[in-house]
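All chains should be built: construct the whole structure from the sequences, respecting the hints.
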Amino acid sequence: MPGAEGATERRKRIMDAFDAALDQPPETRTEWLEGAFADEPDMIAALKAMIRADEAPTILPDHVDPTASLVPPERVGVYRMVELIGGGGMGEVWLAERDDGLFDHRVAIKLMRPSLYSPELEDFFDRERRLLARMRHPNIARLFDGGVSVEGVPWFAMDLVEGPPLDEWADAAETSGSAKQDLEKRARIACSICDAVHHAHRNLIVHADLKPQNILIDPAGEPKLVDFGIADLVAAADDPALAKRYPNTPTYASPERLDGGQPSIADDIFALGTVLHGLLSGRWIEKGERALSAPSEAAADPARSNILRGDLDAIVARARAADPGERYASADAMANDLKAWLEKRPVEARQGGWRYHADRFVRRHKWLAASVAVALIAVVATTITISVLYWRAERALAAAEERFEEVRGMARYMVVDLYDELEPLAGAGDMRARVADVASSYLERLSGLASGDVDLRKELAVGYGRVGRAYGLTATNGTRGFEQGEQALQRAEELLAPMVEAHPERHDLKVELSRILSWRSSIAAYARSDVPEAHRLLDRALALSDAALAEVPGDADAAYGRWQTMLGRLDVLVFENRGAEAVALAEDQQRRAASLPVTERYAAMRPLMEAGVENAWGDGLYYLGRPRDSLPHYQQAYRILEGARERRQADVRVRTRMILYAYAVSTVYQDLGERGPALEWARLAVEDARILAQFETSPAVDQAMSLASLQYATLLVETGQAEQGVAEARSAVERRRQTAAADPNSDDARSGYLFALKPYMQVLELARRRDEACAVAREADRGWTDLYRGRDMPTGQARDARIMAEAVARCGGS
Amino acid sequence: MAQGDKWPERMFERYYDDYRAVARAVLARDSARERIQPTELAHEAAIRLFKLEKMDVSQRTHFLSLSARVMRQVLVDEVRRHRAQKRQAPVLTEWPGAEPEEAGTFDLENFDQVLSRLQEADPERAWVVEQRFYAGLTLEEIAEVSGRSLSTVKRQWRVARAWLLEELSHE
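Chains as they are written, first to last, in my numbering: chain A, 239 to 1052; chain B, 2 to 172.
These are computed hints drawn from the structure, not numbers from a lab. Be careful, since some hints might not be right.
[Said to hold, decoys possible] Calculated pairs, EDC-like style, for lysine to aspartate or glutamate (alpha carbon to alpha carbon, straight line, at most 16 Å):
1. A:Lys286 / B:Glu168
2. B:Lys155 / A:Glu912
3. A:Lys250 / B:Asp108
4. B:Lys155 / A:Asp456
5. B:Lys155 / A:Glu293
6. B:Lys155 / A:Asp257
7. A:Lys250 / B:Glu125
Predicted model, so just to flag it, every value in this text is computed and none were measured.
What follows is the structure, encoded as structure tokens:
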């Protein structure tokens, strides 16, 4: 359906069609495509354009190397190939013998599709082989060796299992004894299979290709799973440079796999359900078949049907549920249900209770998705603390009471994007596709592995914590957002605190609780101006991370958690104007930085934190009335991030903060009356902001950009370049206007625009353009009145509106 | 670089800054003619940083192939930076191997965007272009590195090339 396809699919289709056209002789090519796409004139036009482009002269090498086809090697490693025993889509299986004379050993060697040796691939093999070697289970055929033959053929050596695949065995099995005894035997085999799969899952290996042909029944009648983890290796060997592709056995694959999802535990469970269906009913799923009737209906023998009806039907149905969240959370749970049936205990799949578990699972899934996603996309929230912003307010307003509202207003803009991401996620899980993919693929690997309430509650607490953090920072009118945030954080605390008591050995719980308390302290300080409470919370946070550090001295989470708490303390100290203490603490923190463990996990965070300390140090000195001394610290903060930016080009947090730090340096120079450097740093901030805006549009970037622009504009006017200054300020305001116009229902966007009018007016006043300044003041005055008609205006907005109203009065009314 | 046969991706990350330095130097040098050849850049970086000429042919090919993505990223970053400094003068480039009068020149940033679109629509064909354009590999070398047949690679290149030229003509 050409009408319904997206641009990307269309491009692909055009290219594929062009590829097909190239198969036609050049003289009839146009004719061919006119016939093939008779009802799609734009397709014909596009293809003709490509033919013209194709004929444009350029160099295209045309000499051909004959590609030699590879024959199976005679030997690989210490093994000599004896006999071909099987083949399949992904290669051949050979019976091989160890022939280094050391001892007799017969193995199965799997040869993979010849693929060129590459060091990257070898690294991958090494890693995977180590992983696979961890699997020791009586029902898993061990993969114990592998490599790349001299001919370039990747190979694996596995336990040789001499027995038929499950479906052949089941079909041939004599139903000696009653139907019940036979089914019990089959259920026991299924149990062993589930146990084996669970063992693999616990080692973070998914099979990804479970089917009866991969389950062999050895001479002792025990199932042995083969080809574990090979799917991964095959995918990598196929083409390491491209996205992973997995062998295609769609008959046993889950619906989400067929939709292009990555292999997962839930997908293995689905395949287990399908295998169990065949094993119990005797009727194996056929190629292309998707929906299956219950095993009891599929079974030919009425006696068998009677036994299957009920519990066993329910077990299969649960394993094959269309929604992965409704399946068994683990293969172990599935095995338990089979055991329950064998032991005539109630089967969980049939109890009303399972709904609860499924719901719980889904809920946990969502929270986890939320927390992971927030961790990934919280460009600002988790690291750019409110403090980074409020010195801006401080400097502009120099009044502690007003500072807080300004801070809140700005913080709000900075994380609006975060909130936007979070909202759809909590509902349909429909968040920015890439982040969701990354998050959920990890989640699926993990889901079903974490058992026990402690971990579940910890995950929930982490989720509440992140969400609380996000709410707290996206608070809009009034303090509702902060209240929601605080509530979420308190729930997190309620979950964690008793666990910390009950599990004194779990230092990770202490670290997490410490983090939650640090966040609560931010809300206490900035939303409620309750500084003593903020300090109390920080004291508790600190005690927890110290306790964790005492137990596990080198623990990176605890060490960085403590550092974050200290940054929180610094923020509050600066907030209270306790500059001297802030300076002393910053100095101490900077000294301690050297002893922080160096880990990959915090590599991105570390420079941000170090720069944060320098920034707080600068703030402390600035508020002690020592602007000159504060300069090197702000500049150092900037330089630290300059290094970080070189390493991580795309880190928006780094780039956003750099703009703010450059801005800080500029304002200090401005205070010192040194307009040259002030202008230079403002220009730097503006240029950084422009580069950032090229690849990131978000309210945070928008905000940083207007800050920098308006500062630059002011300085341009002050240094006699009024024309350029006014133009700069106008363009900054224009951007905010467009943001507001794009989202007419957003109070935030609207107030963002109105807030920006004040500095614009000031620039115009400075440039002695009185009439224009008055026009801007009137617009702002009207705007504020309209926006808050019939509502209470928050303090920050009220202050701004008052200033603009006064300006209008000075102008002589409208 | 004694272990020339081990080039994990990490290696390229570690040398990212060095790549950038070379890229910057090449851009600065070539900005007079305001046109650069990404493949030259790749080779120059490889020669300066890794003594490429001392590698054997297969090592060299693998090395260049693995560095293609990094080179692309470095180049686009540097071009952006360059443009920011030089006040928006676009950096032009040429179709690899083409004579100037043949296939024309185009804006490198545009090219990168068009290539990204191709990548979304068709990662395999885009990969071939990346290898050809940013690593300077010949089609034979690409076939060798990817394990695909030469005829497949040639066809992928031809289709991608026609599509790209057509797209670029609208940019």
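We went through each hint and held it up to the structure:
no., hint, verdict
1, A:Lys286 / B:Glu168, "13 Å, holds"
2, B:Lys155 / A:Glu912, "62 Å, violated"
3, A:Lys250 / B:Asp108, "24 Å, violated"
4, B:Lys155 / A:Asp456, "48 Å, violated"
5, B:Lys155 / A:Glu293, "15 Å, holds"
6, B:Lys155 / A:Asp257, "11 Å, holds"
7, A:Lys250 / B:Glu125, "11 Å, holds"
Checked against the numbered hints above, the structure breaks hints 2, 3 and 4 and satisfies the rest.
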